[in-house]
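Residue numbers (the working numbering), protein chains in the order written: chain S, 2 to 274; chain U, 2 to 177.
None of these hints come from the bench; they were simulated from the model. Backbone N, C-alpha and C define an ideal beta-carbon position, used for all residues, glycine too. Mixed in with the good hints there might be a few duds.
Here are the simulated PhoX-like cross-link-like pairs (lysine-lysine), alpha carbons at most 20 Å apart as the crow flies [what the hints assert, rightly or not]: (1) K224(S) x K246(S); (2) K3(U) x K246(S); (3) K120(U) x K246(S).
Cβ-Cβ distance ranges computed for the label pairs, FRET-style [what the hints assert, rightly or not]: (4) I23(S) x A144(U): 30 to 36 Å; (5) P142(U) x E241(S): 51 to 57 Å; (6) D98(U) x I23(S): 30 to 36 Å; (7) L12(U) x G110(S): 25 to 31 Å; (8) E128(U) x S13(S): 31 to 37 Å; (9) R168(U) x A65(S): 50 to 56 Å; (10) L136(S) x E82(U): 36 to 42 Å; (11) E128(U) x T243(S): 28 to 34 Å; (12) T19(S) x L134(U): 47 to 53 Å; (13) V97(U) x G214(S): 43 to 49 Å; (14) A82(S) x D130(U): 18 to 24 Å.
Now the stretches of chain U that chain S is said to cover, found in silico as 3 or more residues with beta-carbon under 8 Å [as the list claims (entries may be wrong)]: (15) 22-31; (16) 90-101; (17) 118-129.
Chain residues, written in single-letter form:
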Amino acid sequence: MNRVMKLSAPVSPARKRTLFLILGILLFLPPLSLVPQFFGAVGFCGTWCPRMFLKLSPPGRIFASTYMGVALVTALLAVTAWRGRYWCSHVCPIGGVTELGSRAVPKRGKLDFSWIHAPSLRYGYLAVFLLAPVLGLGSICCNLCNFSVVPKLFAAPFEPASRAYFLTTMGGINLASIGVLGFMARGGRAYCNLMCPVGAIDSVVNVAAARLGRPRVRVDADKCNGCGDCVVPCPVWAIEMTDDKARISQASCLPCGLCAEACPEEAIVHGRV
Amino acid sequence: MKRGKWLKHGLTFLVAVAVFTPLAVWRAGDLRHVVVTADDRGGRARHGVHLAYGRDRYTVLVTGRNRLTETTNLRVALQGEPAIPFTVFSNYPPTVDLGVHDWPAFTDGRLMDCNPGEKLGLWVVLEPDKQALPADRTLAPQAYTLALLDTDGRAVVSVPVEFRDSRAPARRGGHR
């Protein structure tokens, strides 16, 4: 029990997380692109691409040309194994933009995707992402890319190149998917939860680390009164009620702390599962 | 109950595979990305660019490395008949340049002072007159060459660009 840390600290973790997300946006996205600029990039395409090398085909060349993306994914998976999915919940500028953007959309206009079993769909997406290039069918990597479309969205007011992308068929499809599964989605994280290959691999590591006894967000069953107040705020619909107790799926959970804030019994803690 | 749950999960997985596989295979006919290497021997492109007839706007994204031995200016040319009006855009330099990296300046559609070893990143937007597709026959492919020319007018990269009638039977062995 002494290893358990309360998520509901005096300063709201949700508020702190918002600041982290804004910082992530400033660091990685145009017009500033503070971090990518040091490596000769203006967004996630190229050197910083965290998706391309996951295709595993052809490995050597892609590893060499997207080396910062490789480093980024390695680092974020290490953090996930150690403490949880903090990149996805606190830093990722792509998920951050859709989540913060969705807060500006009125609740009445939001779409609820919680009827979809997210891990099954996500792993189906990941299977196609990994296997289609290996089988020579093509690739979904750049066709449907969240890491490409969001930086271009930020760059579009300043750069005609990014505007040109949105006038193409795939640019329109990507923009629509970010709009529907991001900004319009309840919680703003449906794209992350369903169609992000980095998030999919991150969730696999999260589940493995939880099984190996690493601390994760969990429900203290003794304290949980089964009210279900934690279910609604979860942006990745990771909580379900089983036998009048909340249960958190580590396959989807981001340690965002929104459930802990909503819990009247302080039953949601960060500790060993 | 548990069996039903697993069935639902399995079906969701299969639906995802069924939806995303065509999206991996399909390529919209108005956007292509080609990776190139510019060098003194005429450069090379990893593959050609195939575009579908019948659109009024196409975008070709050309990215790659500059392996030339000297600093030069590069301009884009689209060789072939009939001429197609095009506009070139560049991602570089970034909107807020911190000055931590040397970016080629982009002026009048040219990349200025491209140094050996630097990256290339150009968006070429082609805007041909929209061609009506005849109902009774398919159109023959129309070939162009998208070239990067140095200050002497020498091609340092040449990318074959072909407009195809998407209704024509697919050829074997070609690049999409």
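How the hints compare with the structure:
{"no.": "1", "hint": "K224(S) x K246(S)", "result": "9 Å, holds"}
{"no.": "2", "hint": "K3(U) x K246(S)", "result": "18 Å, holds"}
{"no.": "3", "hint": "K120(U) x K246(S)", "result": "55 Å, violated"}
{"no.": "4", "hint": "I23(S) x A144(U): 30 to 36 Å", "result": "49 Å, violated"}
{"no.": "5", "hint": "P142(U) x E241(S): 51 to 57 Å", "result": "55 Å, holds"}
{"no.": "6", "hint": "D98(U) x I23(S): 30 to 36 Å", "result": "22 Å, violated"}
{"no.": "7", "hint": "L12(U) x G110(S): 25 to 31 Å", "result": "29 Å, holds"}
{"no.": "8", "hint": "E128(U) x S13(S): 31 to 37 Å", "result": "51 Å, violated"}
{"no.": "9", "hint": "R168(U) x A65(S): 50 to 56 Å", "result": "40 Å, violated"}
{"no.": "10", "hint": "L136(S) x E82(U): 36 to 42 Å", "result": "39 Å, holds"}
{"no.": "11", "hint": "E128(U) x T243(S): 28 to 34 Å", "result": "58 Å, violated"}
{"no.": "12", "hint": "T19(S) x L134(U): 47 to 53 Å", "result": "51 Å, holds"}
{"no.": "13", "hint": "V97(U) x G214(S): 43 to 49 Å", "result": "45 Å, holds"}
{"no.": "14", "hint": "A82(S) x D130(U): 18 to 24 Å", "result": "57 Å, violated"}
{"no.": "15", "hint": "22-31", "result": "holds (count 9)"}
{"no.": "16", "hint": "90-101", "result": "holds (count 10)"}
{"no.": "17", "hint": "118-129", "result": "holds (count 5)"}
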